[in-house]
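Peer 1: Sequence:
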Amino acid sequence: MAEGSIFKRCNCRDDDNRRLGPRCPQLRRPGGSWSPTHGRWAYQLELPIRPKQARRQLRRGGFDTREAAAGDRDHALTLLALAGDDGTLAAAIGDLLKAVKPGKSLPARDTVARRVRAGVATTDTTVGDYLWSWFDGRTRPDETTLRAYESHIRVHLEPHLGHIPLHQLRGAHIQAMFDAIRDRHTAIKEARASVDPAVRASVKGQRAPDVTTMHRIRATLRKALNDAIHIHRILDFNPAIGVELPSATRPKPKVWTGAAITRWRATGERPSPVMVWTPAQAGTFLDYAQTHDIVLYAMFALILHRGLRRGEAVGLRNTDVELESGTLTIAEQITTLGYQPIRKTVKSDAGDRIVSTGTALTTVLREYRDMRDRWQQVSGRDWPDVDEFFVKPDGTRWHPDLVSERFDKLITAAGLPPIRLHDLRHCAATYAKASGLDMKDIQELLGHATVSLTSDTYTSVVHELETERAKADIAESIVPRDPPRAA
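Numbering that gives the first Met the number 0 numbers the first residue of the sequence shown as 0 and each following residue consecutively.
None of these hints come from the bench; they were simulated from the model. Be aware that one or more of the hints could be misleading.
Stated by the list, open to error - In silico EDC-like cross-links for lysine to aspartate or glutamate, where the CA-CA straight-line distance does not exceed 20 Å: (1) Lys-343 <-> Asp-407; (2) Lys-103 <-> Asp-141; (3) Lys-343 <-> Asp-319; (4) Lys-391 <-> Glu-366; (5) Lys-97 <-> Asp-128; (6) Lys-251 <-> Asp-437; (7) Lys-222 <-> Glu-149; (8) Lys-253 <-> Asp-407; (9) Lys-103 <-> Asp-235; (10) Lys-253 <-> Glu-268; (11) Lys-222 <-> Asp-128; (12) Lys-51 <-> Asp-84; (13) Lys-103 <-> Asp-84; (14) Lys-103 <-> Asp-128; (15) Lys-97 <-> Asp-109.
What the hints assert, rightly or not - Label-pair distances were calculated between CB atoms; the ranges are: (16) Glu-189 <-> Gly-136: 49 to 55 Å; (17) Ile-230 <-> Gly-83: 22 to 28 Å; (18) Ser-193 <-> Trp-263: 17 to 23 Å; (19) Arg-221 <-> Ser-355: 36 to 42 Å; (20) Phe-236 <-> Arg-54: 24 to 30 Å.
We treat Cβ as the ideally placed atom computed from N, Cα and C, and that holds for glycine.
Please work from the sequences and hints to get the whole structure.
Peer 2: Laid out in structure tokens, this is it:
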């Protein structure tokens, strides 16, 4: 590799205001040696090129002494030597040197060496390039997590940050991204509330990322950048750590009180994204389901009484159901990746639990099992080889989304105020607390990781339910009634 040349140059200009550079006559003494007082030292170095790439040079100046220019040149040669006989890698390191702005120092040898060993970011890699490289190397997360990573990178991180060189990424860039996401969220909400149909149509199908989503996006970015520090060793700090976001508060469950139902019927407005039926409303639903969807009635009763997640109920295996002892083992679940159902373990160690069914629910499940056996006998053929406890009348598995669709149709047909299928789980917790179970018992029933999560979620809704019952008692007591007359 050529060692390059060291010379002097200045900022003098000719009569046409053109810079003379190294042609300035004051740079040399009469004998040809360099002037000790005029100009500053610089060097020029040939950089490696890729096939068919034009010749290129590294020129850096502004040094006070020849020794300083020679030291910087030697440092550049040391960095290029890290490539060894790898011409492609040498050209990539040349890209890195070429990208250093005038007046800025060349990167340290150890920094470039770490990037070379990691096999990533040997040039001034952008955030987008690094994130996709990081994503492609992910093997441990489950498919659902990988899908979330891919979505966060494609939809948010790459459009906002992808063009920024990785080593220039700062907290201000990340904060600006979240400010833009929040502004977009506000704009979509305002457009949806517009009285102008054209404005509402302009955001049809567009999702407005909420605070919870922003926290998940930041978690993806922090994980990727932490790996850049601790695994790839190409960063020295994580600029995402200091970025502040509003607190992601869980929506509190609210009870479908009489006043809430009246307002909903008039305006379509729900008091909260998470709604809970009163026990009477829940009873009405189960009665209706038992007579109008006997196929799924037992599953809905199980979720309502014991608080299973949808995926836990759909994924319940025959070997998990012990009706003789009245217990269920919750260890796996069926969720969806896109629309594809996948079986996976439950969310946490706390979610891996044993649930008692009680006498009444055990009877419901036993009746369902007997009905399922009759389905198989009537079919007159071998059933599909499935292990799920809850199946369709033809013996095939339930798709989780189809269960939710059937649930929504039953609610509408029954004339009940709407809740999500997942809200049956909130109903179960609320009724359990109202019946006297303590928060620790409810935590174990639901498979929550901490009792504080259980308490924070359900304390207020239990109080609301009890208050609503008390108000009803008061209302009844002030209405005068004549005692029944004898016939």
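Peer 1: If a hint holds in the structure, say so; if it doesn't, say that too.
Peer 2: Hints, one by one, checked against the model:
Simply put, Lys-343 and Asp-407 have alpha-carbon atoms about 25 Å apart, too far for the 20 Å limit, and the pair is violated. For the hint pairing Lys-103 with Asp-141, the CA-to-CA distance comes to about 43 Å; that exceeds 20 Å, so the pair is violated. For the hint pairing Lys-343 with Asp-319, the CA-to-CA distance comes to about 15 Å; that is within 20 Å, so the pair holds. Only pairs whose Cα atoms come within 20 Å are accepted, and Lys-391 paired with Glu-366 is accepted, the gap being roughly 15 Å.
For the given pair, Lys-97 sits about 19 Å from Asp-128 by alpha-carbon distance, which is consistent with the 20 Å threshold. Taking the CA atoms of Lys-251 and Asp-437, the gap is near 19 Å; set against the 20 Å cutoff, the hint holds. Simply put, Lys-222 and Glu-149 have alpha-carbon atoms about 13 Å apart, close enough for the 20 Å limit, and the pair holds. Distance hint between Lys-253 and Asp-407 is fulfilled; the C-alpha atoms sit about 19 Å from each other, no more than 20 Å.
For the given pair, Lys-103 sits about 18 Å from Asp-235 by alpha-carbon distance, which is consistent with the 20 Å threshold. Taking the CA atoms of Lys-253 and Glu-268, the gap is about 13 Å. The hint holds against a cut of 20 Å. With a C-alpha separation of about 16 Å, the suggested pair Lys-222 and Asp-128 falls inside the 20 Å cut-off, and the hint holds. Distance hint between Lys-51 and Asp-84 is fulfilled; the C-alpha atoms sit about 19 Å from each other, no more than 20 Å.
With a CA separation close to 28 Å, the supplied pair Lys-103 and Asp-84 exceeds the 20 Å bound. At roughly 24 Å between alpha-carbon atoms, Lys-103 and Asp-128 are farther apart than 20 Å, so this suggested pair is violated. For the given pair, Lys-97 sits about 18 Å from Asp-109 by alpha-carbon distance, which is consistent with the 20 Å threshold. Separated by about 40 Å at the C-beta atoms, Glu-189 and Gly-136 break the suggested range of 49 to 55 Å.
Distance hint check for Ile-230 and Gly-83: the Cβ-Cβ separation is about 23 Å, which falls inside the suggested range of 22 to 28 Å. For Ser-193 and Trp-263, the Cβ-Cβ distance of about 22 Å falls inside the hinted range of 17 to 23 Å, so the restraint holds. Between Arg-221 and Ser-355 the CB atoms are about 40 Å apart, so this pair conforms to the stated range of 36 to 42 Å. Separation of Phe-236 from Arg-54 is about 37 Å and departs from the stated range, judged on CB atoms against 24 to 30 Å.
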